[in-house]
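Enquirer: Below, each chain spelled out in residue letters.
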Amino acid sequence: MPEDAAATIGRAASTSFSDYIAAQNPAALPSARNAGNHAAGGADLAPHATTIVSLTYAGGVLMAGDRRATMGNIIASRHIEKVFPADMFSVLGIAGSAGIALDITRLFQVELEHYEKIEGTRMSLDGKANRLAAMIRANLPLALQGLAVVPLFAGFDTTRRIGRLFSFDVTGGRYEEQEHHSVGSGSVFARGALKKLWKPNLGEDEAVKVAVESLYDAADDDSATGGPDVVRQLWPVVYTVNGAGARRIPERTLAEAAEEIIASRSVSGREA
Amino acid sequence: MTQQFYVSPEQLMKDRADFARKGIARGRSVVVLSCREGIALVAENPSPSLHKLGEIYDRIAFAAVGKYNEFESLRQAGVRYADVRGYSYDREDVTARGLASVYAQSLGAVFTAESKPFEVELAVAEVGASMTQDHIYRLTFDGSIADETGFIVMGGQADAVVEALKGRWNADQDFGEGIRAAVDSLRYDGGPNSEPRAHLGSQTLEVAVLDRSPLTTRGTVRAFRRVSNQELDVMLTPDGAAL
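Order-wise, the sequence lines are chains Y and X. Counted from 1, the first sequence has number 53 at position 53 by the working numbering; the numbering is strictly sequential. Counted from 1, the second sequence has number 42 at position 42 by the working numbering; the numbering is strictly sequential.
Read the hints as simulated data drawn from the structure, not as lab findings. Hints may contain errors.
What the hints assert, rightly or not - Distance condition first, Cα-Cα at most 20 Å in a straight line; then the derived SDA-like pairs of lysine to any residue:
1) X:K67 to Y:E119
2) X:K166 to X:E148
3) X:K67 to Y:K199
4) Y:K199 to Y:K209
What the hints assert, rightly or not - Derived coverage of chain Y by chain X (criterion: at least 3 residues anywhere in the stretch with Cβ under 8 Å from a Cβ of chain X; other residues may be distant):
5) 24-31
6) 45-57
7) 115-127
Note that the Cβ used here is the ideal one computed from N, Cα and C, for glycine as well.
Work the whole structure out from these sequences, hints included.
Expert: Printed below as a string of C-alpha cells:
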C-alpha cells in the first residue's frame, strides 16, 4: 500500500488552513461566491472601501486607512475599518469591495495563525505576502464581475530587521514597494502628498502625522474618501509595526494630529 | 486452512488496554494545574523542539504523554478542528468541551476498531475568567473522558506524582509557585517506593502557561505562552521574582 502511505504524508505536510478548508468545505471560502452574469457594476452593488496609505519609517512600517465606505454615490458607512493586524508582525489594509475584502482578511488571519500553531514557528514575511497573493488570485473571477479587492500588506521582517511593504493587483501579482505606497480611489492624491511629506528616517510620531495628512489630502479631492470627522470624533485607523510588533495608534494621538492639520490649513486660508 | 482462535471481547479489550498502558508508562509525566494567574502546563521533556505541550486556540491548550507521532497527529487535528470552527462560526464558539468530545470519539473508535490502540493520554485545558470557570479534561487511550478540577497528572507513574503534588499545590498560587510545586512533584515519578530524583533543571523541562487575562496583560486574545528557559530558571529559584 505505498500509495496510501504517500497520501498520508501529503496530508500531514499541508499546513495551510485555506487548502484544508478548500478540500473540506469549499463553500466557506470567500472566492466560492458567484455574483452572477451581470455586467461590471460592483460599485453600486456592495459597499466599497477606499484609500489606504502605507509608509516606512525608522525601525518599522505604518499603515493608515480612512473610515468611509461608499455604495455608488451614497455613503454606506462612516465607521468602517480597513486596516487590520494580520498577525503579531504584519498588518493588512484593504481597498475595493468591502464584504469580500473583510472575508479575505479573516481567512488570511486564520491562515497565518494556523501555520504558526501547526509548525510551531511564524511564517516568513515573503511567505505571508505570497499567501495573500494566492488569495487575491482566487478572487479573480469575482474581480472580473466588478467585485475587486486590492490589498496593501506591510510587515516587519524579523530576519532582516526592516519594515517592508507589498502591493497587489487583482490577478494576484505581488510587488514590493519602496518608501511608501497607497491604494484606493483617493490614492492618486494621497500619493502626491506622500511624495512631498515623506523623508528618510522619519520618527514614529512624524510618520503618523504624514499618514494622517496624506489621507486628509485624499479626502479633500476624492468624494469616496472620508476626512477627519470632528463632529463625530472619528479619526483614521493607524497601525505601526516594528521590532516589538504591531500596535494600533490611540485615538487621542490621531485626534491631535488631525486637529493640527485642520488648524494649520484654516490659518493659511488657502482655497486649494 | 488455519483455524481462527476465539478470543473473548473482555480479553481483547484487556490486552489492548495493557498494551496502551505499557506504551504510555515508558515516557515521563506531564502536570496540568490551575492557579490564580491561569493554567500552568509542566512536562519533563529534554527536546527543545519536539513539544508535548501546544496551543490549540485562544484559551485552549493541549498536553500529551505517550507516542510522539500519535499525539502530534491528534494535536494537529485539534488545531484544524478549532480553526475551522472559529472561522465558520465565531472565535468564542470554540470550546474545550467540544474539542475534548471529538478527541474522545476518535480515541474510542481507534481503540475498538483499529489493529492497535493509540498509546497516548491527553489533556485539554481551557482557562476561564476565574478559577471556577477553568476546564481541564483528561482523555485516555480508550476514549474515556474525565472533567477534573485543580490539577491532573498524566504518565506512567502518575499516582506517586499526584501524592506529592497534593501537599504542594493550592488554588491561590501564582505561576511561579504552581510551576515550582509541579516540578518538585515530578521528581517522585519513580513510584511510591523509590527515592525522589535530584532537582530538575530548566534544560529538561517544557513549561507553558495559559494567562487568565491575556488581553489586558499582553494585548492579545491568545492566552497560550511558552515559558523560556531563562524565565524558568528565575521561577525555579524559590525566592526568585514572579513573572
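Enquirer: Can you tell me if the segment 115-127 of chain Y counts as covered by chain X, using C-beta to C-beta distances under 8 Å and a minimum of three residues?
Expert: holds (count 3)
Enquirer: Three or more residues of the segment 24-31 of chain Y near chain X by CB distance under 8 Å?
Expert: Coverage by chain X holds for the segment 24-31 of chain Y (3 residues, Cβ < 8 Å).
Enquirer: K166 (chain X) and E148 (chain X): Cα distance at most 20 Å?
Expert: holds, 14 Å
Enquirer: If you look at each residue in the segment 45-57 of chain Y, do at least three have a Cβ nearer than 8 Å to any Cβ of chain X?
Expert: violated (count 0)
Enquirer: Within 20 Å, alpha carbon to alpha carbon, are K199 (chain Y) and K209 (chain Y)?
Expert: Cα-Cα ~12 Å, so holds.
Enquirer: Check whether the Cα positions of K67 (chain X) and K199 (chain Y) lie no farther apart than 20 Å.
Expert: Judged against 20 Å, a Cα distance of about 57 Å means the pair is violated.
Enquirer: Holds or violated: are the alpha carbons of K67 (chain X) and E119 (chain Y) at most 20 Å from each other?
Expert: holds, 19 Å
The structure shown violates the earlier hints numbered 3 and 6.
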